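Chains as they are written, first to last, in this note's numbering: chain X, 1 to 148; chain E, 1 to 430.
Please note that a few of the clues may not be correct.
[What the hints assert, rightly or not] Distance windows between CB atoms, simulated: (1) A30/X with P388/E: 31 to 39 Å; (2) A105/X with L427/E: 32 to 40 Å; (3) L345/E with G26/X: 30 to 38 Å.
Hints were generated in silico from the structure; no laboratory data involved. Predicted model only: the values in this text are computed from it and were never measured. Built from N, CA and C at the ideal position, the CB exists for glycine as well.
This is what each chain is made of:
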Amino acid sequence: MIGDGDLRELYQEVILDHNRRPRNFGALPAANHRAEGHNPLCGDQVTLFIDVADGTIRDLAFEGSGCAISTASASLMTEALKGRTVDEARALFRGFQELVTVGRAEGAAELGKLEVFGGVRQYPMRVKCATLPWHTLKDALDRPDETP
Amino acid sequence: MTLALEPQPAPLPAPQPAPPYDLAAVRAEFPILSRVVRGKPLIYLDNSASTQKPRAVLAAITGCYEEFYSNVHRGVHELSMRSTQAHEDARARIARFLNAPSSDEVVFVRGTTEALNLVAWSYGRTVVGAGDRVVVTALEHHSNLVPWQLLCEERGAELAVAPIDDRGELILPELERLLDEPGRPVRIVAAAHVSNALGTVLPIRLLADLAHRAGAVLVVDGAQSAPHMAVDVQALGCDFFAFSGHKVYGPSGIGALWGRAELLAGMPPWQGGGGMIAAVRYSGTTFAPPPQRFEAGTPAIEAALGLAAALDFLDEIGRERVAAWEGELLARATELLSEIPGLRLVGTARDKAAVVSFVLEGVHPHDVATILDGEGIAVRAGHHCAQPLMGRLGVPALTRASFGLYNTLEEVEALAAGLRRVRQVLLGDS
């Protein structure tokens, strides 16, 4: 539906769909880790809620407002991380950062659906939009468990 | 009585307004306008951020370097004398551009931001004391806000902000209230001539009268007015006026501050160095008179010449005619964009420069700008260096299309078509 190569790469159908209908959107009362992320350049704002038990992400959700790239990134991230261990989540963050900045090395582990963000690399100004939810994730995981 | 046997002529379509100058010839002077961006001809609608440069400006810079470049005010050799002369001619050209009484009132600076900082740090520090007030408007760019904020923090003074209404116009009675409050002497009023984010044109003459009545001076940020309208600092009645070269089709890294001679004369230097001194002794230094007092170090010599060439270029077309054509572009853009579903124009002042800022419901400005970029259309998305203004308007960010003397009605139509495309891509319009 978008004619041009780079733009079609950026706004892939999966991204547009997750922007229109973000998954895991809303507060998560059971969360024991949470963090807020801001992109002062464009006003993107995301709050991330994570429920971690025994080193595994049992559930996560997000709230906020932002551009299509940051909203879809948050949505797809929450889908990708449910049920993963914290270590796996951190490894995925590194892989995702590679994907949107320098590109994945030959033979690197597949990132699954997250590969749709490969087109962001052609738009340096938008990399921060895609990585904002992931930086917020790292922030949330680095904080102490809030369980009373 | 005659019978209407002949067929009635069909009503003519409303005539397209014709540009008051040879637009094709003007466009041909800008090499970058024939560039292809992302496979499409460039449509440059980010003129409030910076403008493109005509050949005359490029030639002035190259000519300086190829023919007579040397440092200014220093040597007695031929090249230095020629460079100095050209540099001072550029100063005189700027004085003419602003209808300043004397070129000694024109200080070369890097741009509007530096000019405003100069006024804040040199003039501001001499007149603003604890408990005093500096007044700005809610329309200001960070460059005409943050220097005053810093000054007020240092001096223990109060920064007061004159509010705007929902159209983006200054609420004058509120400004007058801020100016007249007993026990709060106002020393400086700082205002944009034209708002960079909304295009609002402020009534500078009136603001000058109000400021003077309150015993304050008026500092005008002219970055957005100088490219679009005739500026006469004497008629405006302001005390300082700042503008940037790169926004008037000239080079970046150069701009000018105009200040009233009697004010400049009483101001201390704000940077020390070569070129701004009269005599230097270890026991103390005496300073050159204005404008050199405020020009420490080697200036941007070639950029000053480029700026003078840009002003020649602009005035050859005629600023009134540029304003008239940009008015047509604004009218057409306002009409076409108003027809786009979910699009809300932000900034609808009655007196407005050729800027259209808007929000498109359900679409973030960065996505708007990225998709327009895919169509070869350059617009700005973001807070436009006016974060408090975005807060006042209740939006995180805006998309802004801003027009210049080389834009065409076809480009305005391409913008409208591009915005329909944005809706298709992101909102699934058919």
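Status of the given 30 to 38 Å range, CB of G26/X versus CB of L345/E: 32 Å, holds
query: When you take the CB atoms of A105/X and L427/E, is the distance between them in 32 to 40 Å?
result: Taking Cβ atoms as reference, A105/X and L427/E lie about 37 Å apart, which means the hint holds.
query: Would you say the C-beta atoms of A30/X and P388/E sit inside 31 to 39 Å of each other?
result: Given about 38 Å between the Cβ atoms, the range holds.
Violation of the numbered hints given earlier is absent; every hint is satisfied by the structure.
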